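Undergrad: Model the full structure from these sequences, guided by the hints.
Chains as they are written, first to last, in my numbering: chain A, 1 to 109; chain B, 1 to 213.
All clues given are correct.
Partner residues aside, some chain A positions facing chain B, computed with beta carbon under 7 Å:
id, residue
1, V18
2, T63
3, V68
Source of the hints: derived by calculation from the structure; they are not laboratory data. Given the structure is predicted, the values throughout are model-derived calculations rather than measurements. Virtual Cβ for every residue (Gly too), placed ideally from N, Cα, C.
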Amino acid sequence: MHLVYPVVIAAVLFSVGVYGVLARRNAILVLMSVELMLNAVNLNLVVFDMRWADRLHGGQVLTLFVIVLAAAEVGLGLALVLLIYRNRQTVDVDRLRTLHEDREEGARQ
Amino acid sequence: MSTADIVILALGVVAIGSGVMVVSTRQLVHAALWLVVSFGALAASYVVLAAEFVAWVQVLIYVGAVVVLLLFGIMLTRAPIGRSEDLDSGNRIVAIITAAATAVVLVTTLVRGFRDAYFPLKARVGNGSSSVIGAGIFRTWVLPFEALSVLLLAALIGAIVLSRSDIGPEQAEPEPTPPARPRSRPPGPLARRKPRGADDEDTIVISRIDEGA
Chain A
1 MHLVYPVVIA AVLFSVGVYG VLARRNAILV LMSVELMLNA VNLNLVVFDM
51 RWADRLHGGQ VLTLFVIVLA AAEVGLGLAL VLLIYRNRQT VDVDRLRTLH
101 EDREEGARQ
Chain B
1 MSTADIVILA LGVVAIGSGV MVVSTRQLVH AALWLVVSFG ALAASYVVLA
51 AEFVAWVQVL IYVGAVVVLL LFGIMLTRAP IGRSEDLDSG NRIVAIITAA
101 ATAVVLVTTL VRGFRDAYFP LKARVGNGSS SVIGAGIFRT WVLPFEALSV
151 LLLAALIGAI VLSRSDIGPE QAEPEPTPPA RPRSRPPGPL ARRKPRGADD
201 EDTIVISRID EGA
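TA: See the structure below:
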């Protein structure tokens, strides 16, 4: 089996996730794009585990750990998104600018 | 080009295509459903790569739990069910450039590095069965596994603490929440014109105005 195909698929999928994180405004869509990036990394881990025939199966076990981490991340992220929605009535990441600093104050420093 | 290559290329096309649909569709619920297709294609390619256990865990956790959680999030934030036009932000061009640059760099590096890297897939069958993976987890990787269980507990407690409103430090200052303001209200002019030397009371007032925006 040629190693290039799954690895390139993973790279392209990762870039799709990068685009989604940067371009989407809805916080839940941003979370979905993060999931895409994590999946691309998982594909890489499985492919290289199979390529080296890892005796400890580190790649596959790490894939399982990443899947569990992604589940925890989505749970916490959704809790945060719901909290923001309850306080602000919006999940639009472009409009959550409470933490930004004013232009002239930033320029003065 | 072997059969496994062709199958994994087809599955990759499905995964990437549905991934592009996830990041470009105009309907929120459709994005979650395209995500199911993408995860399913990836699970199938794990099966092709002889990692059956990972494939089933992928189906169970990603398709079963994560997508359902995301759908819950969509429903709970009262997202519009039909088409919505404002899902993409203003920096879409920058995002396209960044993603294209990432793809170009990664693909060139990987193709140059692994142009003639082959491995025998048939010899790897059985490397991903549940008995092998289970033995690996509970012999070699048992300490990270336990640490991960602690992390899951922490995430669970964190989610509970975040989503319960009757606990937490904000009880000292009971803030009257404004009932059901319209969602698309432009930010008021007062929210932007913040005085330089504003003391604490002023900032509280301003932040309350800002919160509704």
